[in-house]
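Engineer: Given next are the chains, with one letter for each unit.
Number of protein chains: 2
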Amino acid sequence: MKVPPGLSAKDFSDVVKQWTEIVGKEWIFTSDEDVEMYRDYYSPLWHEDNDPVPSAAVAPDGVEQIQAVLKVANEYKVPLWTISTGKNLGYGGSAPLLSGSAVLDLKRMNRVLEVNDKNHYALVEPGVSYFDLYRYIRQHNLKVWLDPPDPGWGSPVGNSLDRGGGYTPMRDHFDNHCGMEVVLANGEVIRTGMGALPGSKTWQQYKYGFGPYIDGMFSQSNFGVVTKMGFWLLPEPEAYLSGTVTVPKHDDIYKMVEVFAYLVDSSIVQATTLITSPLWYVRNDPELTGIREHGTTQDLDAYAARKGAAYWSVSLPFYGPAKVVAAQWEFAKEKFSAAIPGAKFLDGASYRFPLSDEQVAKMADTVPFGIPSLSIFSMIGKNIGHLGFSPIIPMTGEAVLESQRVFTQVYRDLGSPEGEAASFPVFSFFARAFVNIYLFPIEHDVEKNRKTREIYRRLIKESAARGWGEYRTHTTFMKDIAETYSFNNHSLLRFHEMIKDAVDPNGILSPGKSGIWPKRMRTAKA
Amino acid sequence: MKVPPGLSAKDFSDVVKQWTEIVGKEWIFTSDEDVEMYRDYYSPLWHEDNDPVPSAAVAPDGVEQIQAVLKVANEYKVPLWTISTGKNLGYGGSAPLLSGSAVLDLKRMNRVLEVNDKNHYALVEPGVSYFDLYRYIRQHNLKVWLDPPDPGWGSPVGNSLDRGGGYTPMRDHFDNHCGMEVVLANGEVIRTGMGALPGSKTWQQYKYGFGPYIDGMFSQSNFGVVTKMGFWLLPEPEAYLSGTVTVPKHDDIYKMVEVFAYLVDSSIVQATTLITSPLWYVRNDPELTGIREHGTTQDLDAYAARKGAAYWSVSLPFYGPAKVVAAQWEFAKEKFSAAIPGAKFLDGASYRFPLSDEQVAKMADTVPFGIPSLSIFSMIGKNIGHLGFSPIIPMTGEAVLESQRVFTQVYRDLGSPEGEAASFPVFSFFARAFVNIYLFPIEHDVEKNRKTREIYRRLIKESAARGWGEYRTHTTFMKDIAETYSFNNHSLLRFHEMIKDAVDPNGILSPGKSGIWPKRMRTAKA
Chain H
1 MKVPPGLSAK
11 DFSDVVKQWT
21 EIVGKEWIFT
31 SDEDVEMYRD
41 YYSPLWHEDN
51 DPVPSAAVAP
61 DGVEQIQAVL
71 KVANEYKVPL
81 WTISTGKNLG
91 YGGSAPLLSG
101 SAVLDLKRMN
111 RVLEVNDKNH
121 YALVEPGVSY
131 FDLYRYIRQH
141 NLKVWLDPPD
151 PGWGSPVGNS
161 LDRGGGYTPM
171 RDHFDNHCGM
181 EVVLANGEVI
191 RTGMGALPGS
201 KTWQQYKYGF
211 GPYIDGMFSQ
221 SNFGVVTKMG
231 FWLLPEPEAY
241 LSGTVTVPKH
251 DDIYKMVEVF
261 AYLVDSSIVQ
271 ATTLITSPLW
281 YVRNDPELTG
291 IREHGTTQDL
301 DAYAARKGAA
311 YWSVSLPFYG
321 PAKVVAAQWE
331 FAKEKFSAAI
341 PGAKFLDGAS
351 YRFPLSDEQV
361 AKMADTVPFG
371 IPSLSIFSMI
381 GKNIGHLGFS
391 PIIPMTGEAV
401 LESQRVFTQV
411 YRDLGSPEGE
421 AASFPVFSFF
431 ARAFVNIYLF
441 PIEHDVEKNR
451 KTREIYRRLI
461 KESAARGWGE
471 YRTHTTFMKD
481 IAETYSFNNH
491 SLLRFHEMIK
501 DAVDPNGILS
511 PGKSGIWPKR
521 MRTAKA
Chain S
1 MKVPPGLSAK
11 DFSDVVKQWT
21 EIVGKEWIFT
31 SDEDVEMYRD
41 YYSPLWHEDN
51 DPVPSAAVAP
61 DGVEQIQAVL
71 KVANEYKVPL
81 WTISTGKNLG
91 YGGSAPLLSG
101 SAVLDLKRMN
111 RVLEVNDKNH
121 YALVEPGVSY
131 FDLYRYIRQH
141 NLKVWLDPPD
151 PGWGSPVGNS
161 LDRGGGYTPM
171 RDHFDNHCGM
181 EVVLANGEVI
191 RTGMGALPGS
201 KTWQQYKYGF
211 GPYIDGMFSQ
221 SNFGVVTKMG
231 FWLLPEPEAY
241 LSGTVTVPKH
251 DDIYKMVEVF
261 AYLVDSSIVQ
271 ATTLITSPLW
281 YVRNDPELTG
291 IREHGTTQDL
301 DAYAARKGAA
311 YWSVSLPFYG
321 PAKVVAAQWE
331 FAKEKFSAAI
341 PGAKFLDGAS
351 YRFPLSDEQV
361 AKMADTVPFG
371 IPSLSIFSMI
381 GKNIGHLGFS
391 PIIPMTGEAV
401 LESQRVFTQV
411 YRDLGSPEGE
421 AASFPVFSFF
431 ARAFVNIYLF
441 PIEHDVEKNR
451 KTREIYRRLI
461 KESAARGWGE
471 YRTHTTFMKD
481 IAETYSFNNH
491 SLLRFHEMIK
501 DAVDPNGILS
511 PGKSGIWPKR
521 MRTAKA
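Each protein sequence line maps, in turn, to chains H and S.
Those letters in the first sequence? Residues 1 to 526, by our numbering.
Those letters in the second sequence? Residues 1 to 526, by our numbering.
Looking at chain H on its own, in the form it has when it is part of the complex (with noise of 0.2 angstroms):
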């Protein structure tokens, strides 16, 4: 049995047994076969001496079995890593960042406390899944949706605490949460918003209550542990209406994203979507690649113009009454044509809610209607990992190029045999930013998992030289990423260190998580 760091065999068997009087003793895994299940399979550190690895888990089933188990942490300086629920692929897995760690898990408080469908909320707890949510809206027939992310099997309360996004109008997850309850480090629990007023009749319906507003102090950090949370769900649309504008020249990016921004920002366009562009699925044309590594933007306009392709190309999602998305395809189409000589427009799927059994069945990929599924596994290979390298850039056509320019060159600086592969499409999963998405294939194969960190640390340099940042990643690189938040001698992350220290003095919650160390792990570390 591996032991937390700090800790004697013989005080973390005490520890072992304390928590198996709070939760049972099915409830504490400590046997090298279940701390296995806890691991990342598809680490980029798979196999090396420093891929972490957990001392034990610990399921409690509630807020008191909670503050129970963070007590003897707290005495005997226990690190506990905290999860939900689902697989967190390519951002570390179950696994603690600090190898040792116990790992705190909730699956056990997979409760949908309150699903409204007038004033359209959910209310949850973090080993609830979206899978669990879906089929309680559906076993009660309520006219709402939730906003999957790609794979189902995931903690709505864990996926909007790491700020994930799905595809609906209520994409950006950490946005549409409404009210916590959380646990802190030392045992007392919180809540936030309205949820702090006795008998509130209004805590998943106003985000701030009186006074500092904190919730968003528990994403991507280590200062609570979050067991309730609420969110605004969608009603039920009447419609759905898709339409992809295509437009001729490289140089059109540039109006494209500007006619784009400006649908985004007046809310008219309100779903994730992606531009791309058809030319950079073209591999191996020896032509095309002549023309990118010595062409001018003209040339690949001539390259596009032979083969009867569109430079670029974006598909609009709109959700509403029927009318008003067919009003909103016809706006955006007036405003690219207007923009852009040579665009073209093509109508794409529509729908009326609710679907019917049949028309889900045939669908290759539900979630953006609500519907929590795991095609994306189908989508993107199975039996691999992936890692994703996701820095946010301007939604700007120069950013977009420049982006793609810029990653290339890495991949092609480090010999890397994905080449241009770099050229991957620029999401909107948030309101005004583009979010690129590089992702990297995990193998158990230590020489390549080595030249993918090699590669993705290259890419956080170049990225951060531009002033552009990542949203979320790995466990392997929270620390550099924090680092390149680095503004004033690192004043924001001394400032989370403040915040840290003060909350969780025994340093026991998910130490390393975001950059954020704890005091007594903090030299070692820096």
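Just so you know, the hints here were simulated from the structure itself, not pulled from any lab data.
Hints may contain errors.
One copy or two, either will do: identical chains are not told apart, so a pair holds if it fits within one copy or between any two.
[Claimed, not checked] Restricting the straight-line Cα-Cα distance to at most 20 angstroms, the calculated cross-link-like pairs of lysine-lysine (PhoX-like) are:
#: 1; residue 1: Lys118; residue 2: Lys10
#: 2; residue 1: Lys71; residue 2: Lys118
#: 3; residue 1: Lys118; residue 2: Lys255
#: 4; residue 1: Lys461; residue 2: Lys333
#: 5; residue 1: Lys333; residue 2: Lys323
#: 6; residue 1: Lys77; residue 2: Lys479
#: 7; residue 1: Lys461; residue 2: Lys451
#: 8; residue 1: Lys333; residue 2: Lys118
#: 9; residue 1: Lys255; residue 2: Lys143
#: 10; residue 1: Lys479; residue 2: Lys519
#: 11; residue 1: Lys479; residue 2: Lys461
Using the hints provided, position chain S relative to the given structure of chain H.
Structural biologist: Showing chain S alone in chain H's frame:
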């Protein structure tokens, strides 16, 4: 000269001397005449012993001067009450909560640092007013709207930090901020969100950055001095359309609010409006008074029918492409018609933007069109102060009726001459809840003000007893309201205090704001 609590006259004279060296003698205010200007002319404690009086005011120009001012304040433990610009009427004016505090006046920091009309944002200092920002946008001929609150002399920074509301789709001012620069009590400067990344290109485009999202901590709080803040602006819409819905019967409120909530939560209605009843404005009609006290809802319906009045009314504002807003209004009419027999519809104002100067000149109220004004004062009466009691209530018909009943009863119980004046519209300044706004006149009449305070405190109590909490208040009532957010023996307030002690150990910043006192004053005030 009033002296801050705990300081000797000699100490404070040293402080003033040092501050004078920092900001220059024209930017420090200590004379009775000057200090009087910083008092709240419409204080509900006017001319009573506990009406707070500042000891001085100091107006630094820039971060370095603020740092130097704070250094002195830390050394001598001088409480500083931070203000931005504008009048802050109804919330305490420029006066500190704690008498003897010095006012840290940021009015000189009035630079518009950037306005971007491609990604639709602004970055401003706290001394910039809505008028200043509007003027800048006009002068540079930018196609973006700001979202002014009622009076335009206020500060976007200050208003957003106090979580004020406006009327356009960007109505939730705190929600539409993006990125801050904050000077902490120890003089350290942090930038939040993407601003922590040196040379960031997305500080005003993506809110969260990496790690904990801490911006909310600085709203309605005393944890730091915000020196820069970004805001999302609305791209100039193509058109505006409004339409009024009326329904005939008292009990129609249930379905009316249900449909309204569907429209709001679906982002079909995105801007602020209010639900009201024409009958509320009928005063001094003995027949109606009798029905109100002893009659049934059927009697009320019959009264309304006899008078040819609708029972309830709501105006729906739509902003966007002309065809989209027309379709939205069409859809709203369908939904209300299907739900409520006898629902009627009246087309309201419609505009195409930009407005001509002639159109603007003719408008009673330009605020809903992004043009700051002071016309609110001609609406609510001049030369009289107002205090707002603003509980957040659920967006349901039940809550509308119950709040009217409960609050009207408070007026009656306390024998207020206002009587039925408690019947005020419910506003939708925020996304998914209503806010009730009761205005109290404040006069220079000690006895009337005492009565107002009695009613106000009773309203807070009755409100909290039903699970409704206030979103914002005058300094006089901050403690009362903070105390209603008392879940688990005031654990949230104790968490705020824990943070306060960590980030401002000398307790110099705005003691008492939102009920948060620094340690050294806590026992005395608890």
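Engineer: Work down the list of hints and note, for each, if the structure agrees.
Structural biologist: How the hints compare with the structure:
Neither within a single protomer nor between protomers do Lys118 and Lys10 lie at most 20 angstroms apart by alpha-carbon distance, with minima of 55 angstroms and 63 angstroms respectively. Taking identical chains as interchangeable, the C-alpha atoms of Lys71 and Lys118 are never at most 20 angstroms apart, the minima being 40 angstroms within one chain and 52 angstroms between chains. In this assembly of identical chains, Lys118 and Lys255 lie within 20 angstroms of each other by CA distance solely across copies; the values are 10 angstroms between and 41 angstroms within a copy. In this homomeric assembly, Lys461 and Lys333 never come within 20 angstroms of each other (Cα to Cα): the closest approach is 39 angstroms inside a single copy and 54 angstroms across copies.
In this homomeric assembly, Lys333 and Lys323 come within 20 angstroms of each other (Cα to Cα) both inside a single copy, at 15 angstroms, and across copies, at 13 angstroms. Proximity of Lys77 to Lys479 under the C-alpha cut-off of 20 angstroms is found in neither arrangement, the shortest distances being 22 angstroms within a copy and 37 angstroms between copies. Taking identical chains as interchangeable, the C-alpha atoms of Lys461 and Lys451 lie at most 20 angstroms apart only when both belong to the same chain, with a minimum of 15 angstroms there against 63 angstroms between chains. Within a single copy, Lys333 and Lys118 get their C-alpha atoms only as close as 34 angstroms, which misses the 20 angstroms cut-off; across copies the closest is 19 angstroms, which meets it.
Within a single copy, Lys255 and Lys143 get their C-alpha atoms only as close as 39 angstroms, which misses the 20 angstroms cut-off; across copies the closest is 16 angstroms, which meets it. For the identical chains of this complex, Lys479 and Lys519 are intra-copy neighbours only, at 16 angstroms inside a copy versus 34 angstroms across copies, given an alpha-carbon limit of 20 angstroms. For the homomeric pair Lys479 and Lys461, the shortest alpha-carbon distance inside one copy (13 angstroms) is at most 20 angstroms, but the shortest distance between copies (48 angstroms) is not.
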